[in-house]
Amino acid sequence: ETGVTQSPTHLIKTRGQQVTLRCSSQSGHNTVSWYQQALGQGPQFIFQYYREEENGRGNFPPRFSGLQFPNYSSELNVNALELDDSALYLCASSLGRGPNYGYTFGSGTRLTVV
Amino acid sequence: GQQLNQSPQSMFIQEGEDVSMNCTSSSIFNTWLWYKQDPGEGPVLLIALYKAGELTSNGRLTAQFGITRKDSFLNISASIPSDVGIYFCAGQRSNQFYFGTGTSLTVIP
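Chain order of the listed sequences is A and B.
Here the first sequence stands for residues 1 to 114, where the numbers follow the working numbering.
Here the second sequence stands for residues 1001 to 1109, where the numbers follow the working numbering.
Simulated from the structure, these hints should not be mistaken for laboratory data.
Hints are not guaranteed to be accurate.
With a cut-off of at most 25 Å between alpha-carbon atoms, the simulated SDA-like pairs for lysine to any residue come out as follows [said to hold, decoys possible]: (1) B:K1070 x A:H29; (2) A:K13 x A:G98; (3) B:K1036 x A:Q41; (4) B:K1036 x A:H29; (5) B:K1070 x B:V1019; (6) B:K1051 x A:G98; (7) B:K1051 x A:R97; (8) B:K1036 x A:K13.
Computed from a predicted model, the values in this text were never measured in an experiment.
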């Protein structure tokens, strides 16, 4: 059973550019959540996808958008990158969207905006 | 977004010592979780708590869900070098986790 895999592991972008981060959920998991973790902070919830539909969103602007595919893999897109978007972006998958389902985190994508 | 207050912020302890850290919130949560994060990795779940007052152990780790549902603590007994890392509490409400600010643990051999 494979875990959650994220790509790329590291990325450097210029302010104003757009970026796409990818996440392959653990086998059998239909729910994917994305988190942003700034240096020295705890992860902050961006949004969650359940069976290809957005199922909740945190306090992030619309330039953060996502997608979930029929195989339950997911993408996080960020437009008009700002310096403060530099962070570790974590993806977590679970068997369902309820509170009693365990979430498995990937190792993250380290995004640096210069 | 809301963040939970975790204390202490960092700890330096001798191998073999016990460790205690806690997490408080101004809001009620239905589920409390404790995660450990190693450098360059995502958080790994240590313990999940689902009922107020619940006390749960996982090996040398023990965690409790506070009666008020606004706090939780994690204890690690007889620390070993591989316990080094950052420990995060998280409160879960609906489909969202709210993470604490983290406790950095250093174990001195």
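So, going through the hints one by one against the coordinates:
1. Using a Cα cut-off of 25 Å, the hinted pair K1070 (chain B) and H29 (chain A) is violated, with the two alpha carbons roughly 30 Å apart.
2. The hinted pair formed by K13 (chain A) and G98 (chain A) fails the criterion: a straight-line CA distance of about 35 Å is larger than 25 Å.
3. Restraint check: the Cα-Cα separation between K1036 (chain B) and Q41 (chain A) comes to about 13 Å, which is no more than 25 Å; the hinted pair holds.
4. Proximity of K1036 (chain B) to H29 (chain A) is assessed by CA-CA distance (about 22 Å); at most 25 Å being required, the pair is judged to hold.
5. For a cut-off of 25 Å, the pair hint linking K1070 (chain B) to V1019 (chain B) stands: about 21 Å separates their Cα positions.
6. With a C-alpha separation of about 15 Å, the suggested pair K1051 (chain B) and G98 (chain A) falls inside the 25 Å cut-off, and the hint holds.
7. This hinted pair checks out: K1051 (chain B) and R97 (chain A) have alpha carbons roughly 19 Å apart, not beyond 25 Å.
8. Of the supplied pair hints, the one linking K1036 (chain B) and K13 (chain A) is violated, its CA atoms being roughly 29 Å apart against a limit of 25 Å.
Of the numbered hints stated above, those contradicted by the structure are hints 1, 2, 8, listed in ascending order.
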